[in-house]
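Work the whole structure out from these sequences, hints included.
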Amino acid sequence: MAMPNRTPLTALLSTTALLSTLISGTAYAEDEGPAGEGQPEALAEPATDAPVEEAAAEASPVDATPPPPQATPAPEEPSGEGSIQLSPPPDESASKINLTPQGNMVEAERTYHNHDGFYLRANFGFGSFWGDFTQAEASGQSSVGGSGLGFDLLVGGTPSPGFVIGGGLVGNSLFGGSFDRQAGAAPTDQASTIMLGAFVDGFPWATGGWHFGGLVGVGQARMSAGSDDDNAGGLGGAIWAGYDQWVGSDMSVGGLLRFSALVAKGNEDSDPARASTGALTLMLTALYH
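The numbering used here puts the first residue of the sequence shown at 54, with every later residue one more than the last.
Keep in mind that the hints are not guaranteed to be accurate.
Label pairs and their calculated CB-CB ranges [stated by the list, open to error]:
1. F216 with F312: 15 to 23 Å
2. I292 with H166: 23 to 31 Å
3. T260 with G229: 38 to 46 Å
4. G262 with L206: 15 to 23 Å
5. L337 with S277: 24 to 32 Å
In case anyone wonders, no lab produced these hints; they're calculated from the structure. Everything numeric in this text was worked out from a predicted model, so none of it was measured. C-beta: ideal position from N, C-alpha, C; glycine also.
Here is the structure:
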């Protein structure tokens, strides 16, 4: 059987169809391109989210440690002016100083180491005693001088702190000395004085120890010659200054220096007719005040 004869036209058409097929396949391969190329932008968007999330994670790292518990704030109370106040308003009365003395404080000030209220003082000491006695009957004068004793007892009250008024007894006695007898004068063996009067005693500081006082009153001078005693009455006084040291809430002890004097005159028939005496005494003192 004989093969049909191909004409040049048929061969040309076959060659053209083959070239067209090859060109179409090459164009399609170029459109596909490598993986990820030639795709629409909408399909490439998921690939761009991963770098954004990684950058956010680097910018704000997550701390695995839980935060410490926060203190619960105090309940807010309206202040009346619209401001927020986290604490109760301060008590204005607590910041003010109360200058009103309390009853027990006043009582403590008046009873502890303060010179007020009842006053009782007793003094005893030694010093010098002197005096002149004129005896009308003997028409002479005896002068005495020497060491002597002094004793006081004072009782009073305190109208204001540190100032005392009251009544007291002041005495002096000659227990050893010399006698200067003029011609005709009776011998003098003993001499003493005693005074009773009103006194004042002042403390410049009501809680301190220094004090100054004095007494004015009536008194009696006595002279002994053997078994005979002659007395004369008159006016006298005493002044003193001293210091007391506290030994208790109301008790104190100390010392004072006291000067006393008495001028007395007896009746016409009494011996001695006149007497004038003085004494300077250093004394120990005990005080309840």
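Quick rundown of the hints versus the structure:
no., hint, in the structure
1, F216 with F312: 15 to 23 Å, "holds (22 Å)"
2, I292 with H166: 23 to 31 Å, "holds (26 Å)"
3, T260 with G229: 38 to 46 Å, "holds (41 Å)"
4, G262 with L206: 15 to 23 Å, "holds (20 Å)"
5, L337 with S277: 24 to 32 Å, "holds (27 Å)"
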